[in-house]
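Visitor: Quick note, in my numbering, the sequence shown goes up one by one and the last residue is 230.
It is worth saying that the hints were derived from the structure and are not from the lab.
Misleading hints may appear alongside valid ones.
[Stated by the list, open to error] Simulated restraints on C-beta separations:
1. 120 with 88: 26 to 32 angstroms
2. 150 with 25: 34 to 40 angstroms
3. 223 with 65: 17 to 23 angstroms
4. 113 with 212: 15 to 21 angstroms
5. 145 with 198: 31 to 37 angstroms
6. 212 with 117: 14 to 20 angstroms
7. 217 with 156: 22 to 28 angstroms
8. 55 with 137: 40 to 46 angstroms
From the three backbone atoms N, C-alpha and C, an ideal C-beta is built for every residue, glycine too.
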Amino acid sequence: MTWAVMPAAGRGARFGADMPKQYLSLAGRPMIEHSLRALLGHPDVDGVMVALAPDDPWWAGWRHMENKPIYTCIGGAERADSVLAALHALPATVSDDQWVLVHDAARPCLRGVDLSRLLAIGQADAIGAILAAPVRDTIKRAVAGEGLRSTATEPRDQLWRAMTPQLFRRGGLTRALQAAMRGKIAVTDEAMAMELLGLKPRLVECSEDNIKVTTPADIALAESVLKRMD
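Could you build all of it, start to finish, from the sequences and the hints given here?
Guide: Shown next as structure tokens:
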């Protein structure tokens, strides 16, 4: 049994739309619906817990999708708050030793083959794993106070772009997020919380087009990817 949690309480203020970006129309459906179907369409995913903002007026009220259950809970101000709330809200049948996927609501182009590889490799690992892609561009460093000037070129052979889903055991991820909160550390993804405990999640290479929609220009790109996936 593998469940998924999806933090979807963000307001998306930086995106500049009149609603959170996860609800914007993408190829005729709300973006979050594509992200949910990418998870629930996989035979090894049993259900999803979605963390929503209080009184979210855009949530469509889905209770099932792909003949699998969707539950909701109230998320928090930050991503880690929402993920932790969703972990706590999972059904009691999901034990602390069971694997849980965490996937972005605004990452609609997840491919089934990548999810299968993540599940196979991650569940064979003692810690867990995340989807990621190696950095292929030349990386420049800019120092504060120098303005927009390149001050150094960073080696890229050991750099990867973290994506989702990320796969960890329910209990281990819960403890890692709680520890980060006690230390007042703002973690940007679940792997970072595990790393703070000295753990080293596996990196599972995935398609470069598993993009997270972060700007209006990404809408057209995501629609193009979805058309190729059909």
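Visitor: All hints, please: hold or fail.
Guide: Against the structure, the hints come out as follows:
The beta-carbon spacing between residue 120 and residue 88, approximately 28 angstroms, falls within the hinted interval of 26 to 32 angstroms. The hinted range of 34 to 40 angstroms is satisfied by residue 150 and residue 25, whose Cβ atoms lie roughly 39 angstroms apart. Here the CB-CB span from residue 223 to residue 65 is close to 20 angstroms, well matched to the stated 17 to 23 angstroms. Checked against the hint of 15 to 21 angstroms, the C-beta distance between residue 113 and residue 212 comes to roughly 19 angstroms, which is consistent with it.
Restraint check, residue 145 to residue 198: a C-beta distance of roughly 34 angstroms satisfies the suggested window 31 to 37 angstroms. At about 19 angstroms, the beta-carbon gap between residue 212 and residue 117 stays in the expected band of 14 to 20 angstroms. In this structure the supplied range 22 to 28 angstroms holds for residue 217 paired with residue 156, their Cβ-Cβ distance being about 24 angstroms. Look at residue 55 against residue 137: about 41 angstroms separates their beta carbons, and that is inside 40 to 46 angstroms.
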